[in-house]
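From first to last, the protein sequence lines are chains S and C. Per the working numbering, the first sequence starts with residue 704, numbered consecutively. Per the working numbering, the second sequence starts with residue 42, numbered consecutively.
Simulated from the structure, these hints should not be mistaken for laboratory data. Honestly, I wouldn't trust all of these hints.
Some residues of chain S that are not near chain C, with every Cβ distance over 12 Å (derived) [claimed, not checked]: (1) Phe-774; (2) Lys-836; (3) Glu-933; (4) Pro-1029; (5) Leu-1210.
Using 30 Å as the maximum straight-line C-alpha spacing, the simulated BS3-like pairs for lysine-lysine come out as follows [to be verified]: (6) S:Lys-1301 <-> C:Lys-143; (7) S:Lys-1084 <-> C:Lys-127; (8) S:Lys-808 <-> S:Lys-709; (9) S:Lys-1280 <-> C:Lys-92; (10) C:Lys-92 <-> S:Lys-1189; (11) S:Lys-1260 <-> C:Lys-92; (12) S:Lys-906 <-> S:Lys-997.
The following label-pair restraints were derived from C-beta to C-beta distances [what the hints assert, rightly or not]: (13) S:Ser-762 <-> C:Phe-105: 50 to 58 Å; (14) S:Arg-1239 <-> C:His-52: 46 to 54 Å; (15) S:Ser-874 <-> C:Pro-53: 34 to 42 Å; (16) C:Phe-105 <-> S:Ser-896: 38 to 46 Å; (17) C:Tyr-73 <-> S:Lys-1291: 29 to 37 Å; (18) C:Phe-105 <-> S:Ser-822: 52 to 60 Å.
Every residue, glycine too, gets a C-beta built ideally from N, C-alpha and C.
Okay, here's what each chain looks like letter by letter:
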Amino acid sequence: MAKFSKATDLEIYRSKLQSAYDPNKPRICVCGGTGCNAQGSIKLVDALHAAVKKCGLDSTVEVKVTGCHGFCEKGPVVVVRPENTFYVMVKADDAQELVETTLVKKGVVDRLLYVDPASGKKVVKEQDVPFYKQQTRIILSENGHLDPTSIDDYILRGGYSALAKVLSANSPDAVIEEIKKSGLRGRGGAGFSTGRKWELARKSPGKDKYVICNADEGDPGAYMNRSELEGNPHLVLEGMIIGAYAMGANHAIIYCRAEYPLAIKQLNTGIAQAIEYGLLGKNILGTGFSLEMKIKQGAGAFVCGEETALMQSIEGKRGMPRPRPPFPAQAGVFGKPSNINNVETWANVPLILREGAASYSSVGTEGSKGTKIFSLVGKIKNTGLVEVPMGISLREIIFDMGGGIPNGKAFKAVQTGGPSGGCIPESLIDIPVDFDELYDAGSMMGSGGMIVMDEDTCMVDIARYFLGFLGDESCGKCTPCREGIKHMYNIIADVTAGEGSVEQLDLLEELAGVIKDTSLCGLGQTAANPVLSTIRYFRDEYLEHIEQKKCRAGVCKALVEYRIDAGACTGCLRCGKECPVGAITGNKKEPHSIDREKCEKCGICYEVCEQGAVVRE
Amino acid sequence: MKSVETILSEHPNAGRDSLIPVLQEVQEELGYLSQEAIAQIGRELRLPASKIFGVATFYNQFRFLPKGKFHVMVCRGTACHVKGSKKVLELLQKEMKVEPGKCSRDKVFSLEVVACMGACALSPVICINGQYYSKVSLSKVRRLLENCRQQAAIEAKA
């Protein structure tokens, strides 16, 4: 493969790829995302190759490992194209039947189809699955189609056309103007205007400048960036190269979590390919613009999502934030002007420049343009990644795409924004999802985690969970965050232990205010949100813990007891066998009983009893 | 297995910004950061061991004790938490008799708590020697551990 020495070379190459591509060739697209891999898709791919060969189809049918399809709940997911026949939870043993029935007999394997829990009906085509039907997939649109390890696949589908266009026809200022016009706001959480941020970096004087991709997705409960990088790495790379051109940067760094080995692998492959094609490195597309790109692996610190902390970490130091100014645009990593954007922000850039700002900003609300990817997880039927237009209601996401709450339980709250966000109750479920509305509701957009909670989730325990997390992750530099979070945690721990008082709630709110106003960085400034939002919307649950010593969700250990309902117990011995401390006694076919002295309230008996004879109260 | 020297030789003229990558590679090979390794890295990078410990202890990824035969990672992300991962963690600690970051006396188990594995659709999720186990119940955790123990016993005899 010869390097492209000008933009037209790329276009000639693209048309060559397009004329050689047969869209009607049968393709078995297997999801190769981490979720599906964990559920056996690697073995499945081997089995499919073998089955295709056995049927003598190896020259006419392609088995393709694609990026994450998003419907992780039902993994491994397989789509047979061009018909888009959609199979879920496919095991290696199903491969032969799948190939024979679908590709030889041109039928459908009925038992592998997805059953819509709402209607009870089977769905054959990918586009008819309710989970996908209501999404607006722009960033994730290629995830189920392209091979993330192939740059040709990306080019074939229009990849790097935005870069070629920009380098040959637009000035850096024009690019920034276009991004500003699109209304793109940072997808990392804070929602600052990307165009304005770029402008600051562009204006900052200096020979060496850095663009950085924040792929340290630290929010617990969120994995959008992982799938974006694993499924379509070139989209992020193209966005970064365009950004570097616009800001006049000559260095690029991707700071990616070490917990995402597959994403790092795909990025390394992608960078090597882009250099080989002359799309990265020295003299890109013969324009004289050069960019060197490196990957740095994060080492597991939530605070490194903060810009200045991330830069400290790149420099090999403890990831501790520093006061601003100087802003990163003035003096960032290694003291050079730097610009950091989140993975999803970068991924939006090529799409804006391909279609134009006007087309991009036709999707979304007044203040928030485009789409947003959420990781819809927790107590929800259809877990996975959803990409939706800004302004859609929480109800549509949770009940239409997510299919509602499993096991007939009642919806209680949805948590957005990670540890910096808050819990939104059922009464606000119709608010439109955008940066400003979520902020007004006491939460925030965050990077896109959306954790659904049902009646079995204790809101006080959730507040305690986030404070525990933030206490562990606080870097310890400033006192309000280091000490304040610890004190808030202690108060909440008292409440969950049934030792709290109503006065303590006032103290908690006062403390929260101080931490918010006086902490150095975003971690501390937002640390109180999970507490404040749960007190604001679920005060009755706090009061119940304090006054009645009761946890209605049965989560707070100190406030629950387990006992066996003698009438319902069949004496099957199961719970007694499972109890790790031997607290359950009773003979076969006789009602058992729990020794409360010995019982450690782990709840395993409650989990295993098929008669529902173990009562939690 | 690569030695610390080999890893250091792969980073010629290493400056401060190479410290974390070097620590990551050494841990990848040794399974943990030994005091000797840290001292060696310090000599090469001209950094006092105290500075290196300062950096290494700041990040969750680094461990300072060897791994057990079965390295169990438990995810404590929010999705896993609402699906009961706290109970999973408590059970693991009790059954394996080991604290997070440490290794059991018989060297069979080591335990690591991960803030989020990014496999939220599989919650609650644990990972034993690189293999993910999704939607684990408490009884499933006990069975998995029992299998590990049996395997360790067989290997100890052989």
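A quick look at each hint next to the structure:
1. Phe-774: violated (9 Å)
2. Lys-836: Holds, since 19 Å exceeds 12 Å.
3. Glu-933: violated (10 Å)
4. Pro-1029: Pro-1029 of chain S clear of chain C: closest Cβ-Cβ about 20 Å, beyond 12 Å.
5. Leu-1210: holds (25 Å)
6. S:Lys-1301 <-> C:Lys-143: Answer holds: Lys-1301 of chain S to Lys-143 of chain C is near 27 Å, not above 30 Å.
7. S:Lys-1084 <-> C:Lys-127: Satisfied, since the Cα-Cα distance of roughly 22 Å is no more than 30 Å.
8. S:Lys-808 <-> S:Lys-709: violated (47 Å)
9. S:Lys-1280 <-> C:Lys-92: violated (50 Å)
10. C:Lys-92 <-> S:Lys-1189: holds (26 Å)
11. S:Lys-1260 <-> C:Lys-92: violated (41 Å)
12. S:Lys-906 <-> S:Lys-997: holds (24 Å)
13. S:Ser-762 <-> C:Phe-105: 50 to 58 Å: holds (55 Å)
14. S:Arg-1239 <-> C:His-52: 46 to 54 Å: Between Arg-1239 of chain S and His-52 of chain C, where Cβ atoms are some 51 Å apart, the hint holds.
15. S:Ser-874 <-> C:Pro-53: 34 to 42 Å: About 40 Å separates the Cβ atoms of Ser-874 of chain S and Pro-53 of chain C, which means 34 to 42 Å holds.
16. C:Phe-105 <-> S:Ser-896: 38 to 46 Å: holds (44 Å)
17. C:Tyr-73 <-> S:Lys-1291: 29 to 37 Å: violated (48 Å)
18. C:Phe-105 <-> S:Ser-822: 52 to 60 Å: holds (55 Å)
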